[in-house]
Amino acid sequence: MIRTVLEAKNISKNFHDPVTIQVLDRINFSVNSGEFISVIGKSGCGKSTLLYILSTMDTDYSGDLVIDGQNMREKKEAELARVRNEKIGFVFQFHYLLNEFSVLHNVMLPGLKLGKYSRQEVEHRAMERLKILGIDDQAHKNANQLSGGQKQRVAIARALINDPLIVMGDEPTGNLDKKNSEIVFDIFKELAEVYHQTLLIVTHDQGFAENTHRIIEMEDGRIVS
Amino acid sequence: MNQRLIISIARSLLLARWRQTLVAAIGVTFSIAMFITLLGFMNGLNDMLDDLVLNRTPHIRLFKEIKPNPDQPVNLSESFASSHNFIESVKSSGGRLDIYNSGAVMQAIRADDRALGLAPRVVAPVLYNAGVVDINGIVNGVDVVAEVSLFSFNDYIVAGKAIDLKNIPNSILLGKGVAEKLQADIGETVFVTTSRGEQVPLKVVGFFQTGFMDFDKIQSYTSVETAQKLMGKSANYITDIQIKLKDLNLAPAVAKEYARIFQTDAEDIKSVNAQFETGSFIRSLLSYVVGITLLIVAGFGIYNILNMMIYEKMDSIAILKATGFSGSDVRRIFLSIAVSIGFFGGAVGLAIGLVLSLLIDQIPFNTSALPTITTYPVNYDLVYYVIGITFSIITTFFAGYFPARKASKIDPVVIIRGK
Numbered sequence: 001m002i003r004t005v006l007e008a009k010n011i012s013k014n015f016h017d018p019v020t021i022q023v024l025d026r027i028n029f030s031v032n033s034g035e036f037i038s039v040i041g042k043s044g045c046g047k048s049t050l051l052y053i054l055s056t057m058d059t060d061y062s063g064d065l066v067i068d069g070q071n072m073r074e075k076k077e078a079e080l081a082r083v084r085n086e087k088i089g090f091v092f093q094f095h096y097l098l099n100e101f102s103v104l105h106n107v108m109l110p111g112l113k114l115g116k117y118s119r120q121e122v123e124h125r126a127m128e129r130l131k132i133l134g135i136d137d138q139a140h141k142n143a144n145q146l147s148g149g150q151k152q153r154v155a156i157a158r159a160l161i162n163d164p165l166i167v168m169g170d171e172p173t174g175n176l177d178k179k180n181s182e183i184v185f186d187i188f189k190e191l192a193e194v195y196h197q198t199l200l201i202v203t204h205d206q207g208f209a210e211n212t213h214r215i216i217e218m219e220d221g222r223i224v225s
Numbered sequence: 001m002n003q004r005l006i007i008s009i010a011r012s013l014l015l016a017r018w019r020q021t022l023v024a025a026i027g028v029t030f031s032i033a034m035f036i037t038l039l040g041f042m043n044g045l046n047d048m049l050d051d052l053v054l055n056r057t058p059h060i061r062l063f064k065e066i067k068p069n070p071d072q073p074v075n076l077s078e079s080f081a082s083s084h085n086f087i088e089s090v091k092s093s094g095g096r097l098d099i100y101n102s103g104a105v106m107q108a109i110r111a112d113d114r115a116l117g118l119a120p121r122v123v124a125p126v127l128y129n130a131g132v133v134d135i136n137g138i139v140n141g142v143d144v145v146a147e148v149s150l151f152s153f154n155d156y157i158v159a160g161k162a163i164d165l166k167n168i169p170n171s172i173l174l175g176k177g178v179a180e181k182l183q184a185d186i187g188e189t190v191f192v193t194t195s196r197g198e199q200v201p202l203k204v205v206g207f208f209q210t211g212f213m214d215f216d217k218i219q220s221y222t223s224v225e226t227a228q229k230l231m232g233k234s235a236n237y238i239t240d241i242q243i244k245l246k247d248l249n250l251a252p253a254v255a256k257e258y259a260r261i262f263q264t265d266a267e268d269i270k271s272v273n274a275q276f277e278t279g280s281f282i283r284s285l286l287s288y289v290v291g292i293t294l295l296i297v298a299g300f301g302i303y304n305i306l307n308m309m310i311y312e313k314m315d316s317i318a319i320l321k322a323t324g325f326s327g328s329d330v331r332r333i334f335l336s337i338a339v340s341i342g343f344f345g346g347a348v349g350l351a352i353g354l355v356l357s358l359l360i361d362q363i364p365f366n367t368s369a370l371p372t373i374t375t376y377p378v379n380y381d382l383v384y385y386v387i388g389i390t391f392s393i394i395t396t397f398f399a400g401y402f403p404a405r406k407a408s409k410i411d412p413v414v415i416i417r418g419k
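As you go down the protein sequences, you meet chains A and B in turn. Going by this note's numbering, 205 is the number at position 205 of the first sequence; the sequence numbering is gapless. Going by this note's numbering, 20 is the number at position 20 of the second sequence; the sequence numbering is gapless.
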């Protein structure tokens, strides 16, 4: 069953410092469940800015953002945090793992925060996801003992822990070499095709984008195709 | 679940920076330990001085003072009632030193339930005979049982037993200074010359020392009956009535009332020792000020360390927020860190404070004023420990509050996009 997961309605954003520049100009699009979308565009075209608005972390915009049928505009900070926790998974260019915790615990943190499952269940689910990504043997190492590619895979596992409605990526392969980029791409592909995970990935890697289901191209704050 | 998760994250952050944490905690520990030690010691001293003055001094003393009569005949005359009368060279009259109708007065005071008890005294001026020399002195006739129970009389006794004054007839308890002058030992007999010129032998049953040299060189104690005999007076001759009240604070009012009813002079402890309470108060205040200052300094240490931790952990805070931790969750994480430093640092500080207090309690301290005290006095009141731990938690809470608020306001977008 296909439904609309995320919808952007007339989203605009201006930077005011030092002079007002419009970075996003009336963006309209929607994401359906199971889609694997890439957003491409030149550096500075506003694609990352758009992603952070869609992720609910940036609330300084005009227009409406609807996630899972709920308008994000009326929500408070704590409620938005809850939405991010429950419905959105993130993969950034940098892995952002917490060095104080083991790999397994890093993956578990958002699950523990959600509080939907018991600690044992969360741990089990985290192990499952690490297994899918082929790094379950590293689970009890500290996060800083892993290689860059492995860290990014842990970050993906962390994004998946709460079965999010949508996984968002901001240049997830930007910091990786070709081999690791391919591994990460294959993972995304597998997630989309085997597990029907909705994915929205910002990238400037043309090769990466061409292999996704749908490409949104941006230029000067507008969607051009 | 959420609270446990927050605490477990706080603990991991703490342990990852355990050296800084330790430094912060040592600051708190040190200040709490000093706070406890200072307060324990200061209040121990206060209690000792209370003991010295308050417990041994009657709350009210009734006596007759020789002074000019304020009611001169001219004032009673109706024809001069509206004029201002000046009378020069008024002399004291009526040299009676005893309290009128002392038996009835004592009965009335015993029946008053504001009074805890009373001890009558007979003050008899004498000359101690030391060979060919006579030494001026005063013999106080006391009710030993009442003095011991009300005014810690036993604390003064350095040799012999106070109760022997009652058990042995014609006995005397000499001041340490008097005994040295007379070269008298316990069991020996000393001679005193009374104001009537009689020489009376009295048996020495012990020595006392109050710490006031001039007092110990002149005074000695005997029983009320013996003193009355020395003065050649009857059994109702009482010169002083010392009263202990149930509530010290009533002393000024009750003293005035008794002076009016019993037609005597009355002195209360509050007017006599007004400066005393001020001293106790200042000492307590000083120890609190020092303790709190130390804690505030420790608080700044915690503030610094948390601020540094937040700068170091910007990325972690950003990702926690990105993955669904709200600003208030982040604030609680950093507050938990601060308060747990305060709690554990404070708890160890209490233990060290207790150990230091126990050590001070072992240091020898000899003072002539208090023959029964041999080591420095320390007060172990639980209240200081409760105040200590409460202050340490409150101070660290405030030290953590501002860094924690800063952490809660970190915008994850700025951090993540800044990379």
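One or more hints might be untrue.
[Unchecked claim] Computed Cβ-Cβ distance ranges for the label pairs, DEER-style:
#, chain 1, residue 1, chain 2, residue 2, range
1, B, F398, A, N211, 54 to 64 Å
2, B, L359, A, K141, 41 to 51 Å
3, A, T59, B, M308, 27 to 37 Å
4, B, M308, A, D177, 26 to 36 Å
5, B, N304, A, N144, 20 to 30 Å
6, A, N144, B, L382, 45 to 55 Å
7, B, R19, A, D137, 24 to 34 Å
8, A, D177, B, F398, 42 to 52 Å
9, A, A78, B, R19, 33 to 43 Å
10, A, S12, B, N304, 37 to 47 Å
11, A, E74, B, D381, 31 to 41 Å
[Claimed, not checked] Listed next, the in silico EDC-like pairs over lysine to aspartate or glutamate satisfying Cα-Cα at most 16 Å (straight line):
#, chain 1, residue 1, chain 2, residue 2
12, A, K42, A, E217
13, B, K161, B, E198
14, B, K409, A, E217
15, A, K76, B, D329
16, B, K161, B, E188
17, B, K409, A, D60
18, A, K42, A, D220
19, B, K409, B, D315
20, B, K67, B, E88
21, B, K409, A, E77
22, B, K203, B, E188
23, A, K76, B, D411
24, B, K409, B, D329
[Said to hold, decoys possible] On the chain B side, residues computed to face chain A include the following (Cβ under 7 Å):
#, residue
25, S12
26, A16
27, Q20
28, P73
29, N75
30, D315
31, I319
32, A322
33, T323
34, G327
35, P412
36, V413
37, I416
If you're looking for bench data, these hints aren't it; they were derived computationally from the structure. Since the structure is predicted, the reported quantities are computational estimates derived from the model, not experimental observations. Quick reminder that beta carbons are idealized off the backbone N, C-alpha and C, glycines included.
Structure-based check of all given hints:
1. Taken as a hint, the range 54 to 64 Å holds for the pair F398(B) and N211(A), whose Cβ atoms sit roughly 55 Å apart.
2. The beta-carbon spacing between L359(B) and K141(A), approximately 48 Å, falls within the hinted interval of 41 to 51 Å.
3. For T59(A) paired with M308(B), a C-beta distance near 29 Å keeps the hint of 27 to 37 Å intact.
4. Distance hint check for M308(B) and D177(A): the Cβ-Cβ separation is about 34 Å, which falls inside the suggested range of 26 to 36 Å.
5. In this structure the supplied range 20 to 30 Å holds for N304(B) paired with N144(A), their Cβ-Cβ distance being about 26 Å.
6. Here the CB-CB span from N144(A) to L382(B) is close to 47 Å, well matched to the stated 45 to 55 Å.
7. Between R19(B) and D137(A), the C-beta spacing of about 32 Å keeps the proposed range 24 to 34 Å intact.
8. A C-beta distance of roughly 49 Å is found between D177(A) and F398(B), which places it inside the suggested range of 42 to 52 Å.
9. At roughly 34 Å, the beta carbons of A78(A) and R19(B) sit within the given window of 33 to 43 Å.
10. Checked against the given bound of 37 to 47 Å, the beta carbons of S12(A) and N304(B), roughly 43 Å apart, stay inside it.
11. Between E74(A) and D381(B) the Cβ separation comes to about 56 Å, which falls outside the hinted range of 31 to 41 Å.
12. Taken as a hint, the K42(A) and E217(A) pair is honoured in the structure, with Cα atoms around 9 Å apart against an allowance of 16 Å.
13. For the hint linking K161(B) to E198(B), the alpha-carbon distance of about 27 Å lies beyond 16 Å, and the restraint is violated.
14. With a CA separation close to 33 Å, the supplied pair K409(B) and E217(A) exceeds the 16 Å bound.
15. The straight-line distance between the Cα atoms of K76(A) and D329(B) is roughly 14 Å, inside the 16 Å bound, and the hint therefore holds.
16. For the hint pairing K161(B) with E188(B), the CA-to-CA distance comes to about 15 Å; that is within 16 Å, so the pair holds.
17. Under the criterion of a C-alpha separation no larger than 16 Å, the hint pairing K409(B) with D60(A) is consistent with the structure, at around 15 Å.
18. Of the supplied pair hints, the one linking K42(A) and D220(A) holds, its CA atoms being roughly 9 Å apart against a limit of 16 Å.
19. Among the hinted pairs, K409(B) with D315(B) is consistent with the structure: their alpha-carbon atoms are about 13 Å apart, no more than 16 Å.
20. Between the alpha carbons of K67(B) and E88(B) the distance comes to roughly 14 Å, so the proposed pair stays at or under 16 Å and holds.
21. The hinted pair formed by K409(B) and E77(A) meets the criterion: a straight-line CA distance of about 11 Å does not exceed 16 Å.
22. With a CA separation close to 6 Å, the supplied pair K203(B) and E188(B) stays within the 16 Å bound.
23. In summary, the hint linking K76(A) to D411(B) is supported, as the alpha carbons are separated by about 15 Å, within the 16 Å threshold.
24. Distance hint between K409(B) and D329(B) is fulfilled; the C-alpha atoms sit about 11 Å from each other, no more than 16 Å.
25. Because the smallest distance between the Cβ of S12(B) and any Cβ of chain A comes to about 4 Å, under 7 Å, the interface hint for this residue holds.
26. For A16(B), the interface hint holds, since its Cβ comes within 7 Å of a Cβ in chain A; the closest pair sits about 4 Å apart.
27. Look at Q20(B): its Cβ only gets to about 13 Å from chain A, farther than 7 Å, so that hint breaks.
28. Below 7 Å, beta-carbon pairs count as interface contacts, and P73(B) has none with chain A, the closest being about 91 Å; its hint is therefore violated.
29. For N75(B), the shortest C-beta to C-beta distance to chain A is roughly 85 Å, which exceeds 7 Å, and the interface hint is violated.
30. Annotation: interface hint on D315(B) holds; nearest CB of chain A at approximately 6 Å, less than 7 Å.
31. The restraint placing I319(B) at the interface with chain A holds, with a minimum CB-CB distance near 4 Å, inside the 7 Å limit.
32. Hint on A322(B) holds. Least Cβ distance to chain A is approximately 5 Å, under the 7 Å limit.
33. For the restraint placing T323(B) at the interface with chain A, the shortest Cβ-Cβ distance is roughly 4 Å, inside the 7 Å limit, so the hint holds.
34. Because the closest C-beta pair between G327(B) and chain A is about 6 Å apart, less than 7 Å, the hint holds.
35. Look at P412(B): its Cβ gets to within about 5 Å of chain A, closer than 7 Å, so that hint holds up.
36. At its closest, the beta carbon of V413(B) sits 5 Å from a beta carbon of chain A; the interface hint therefore holds under the 7 Å criterion.
37. Residue-level restraint check for I416(B) holds (minimum Cβ-Cβ distance to chain A is 6 Å; threshold 7 Å).
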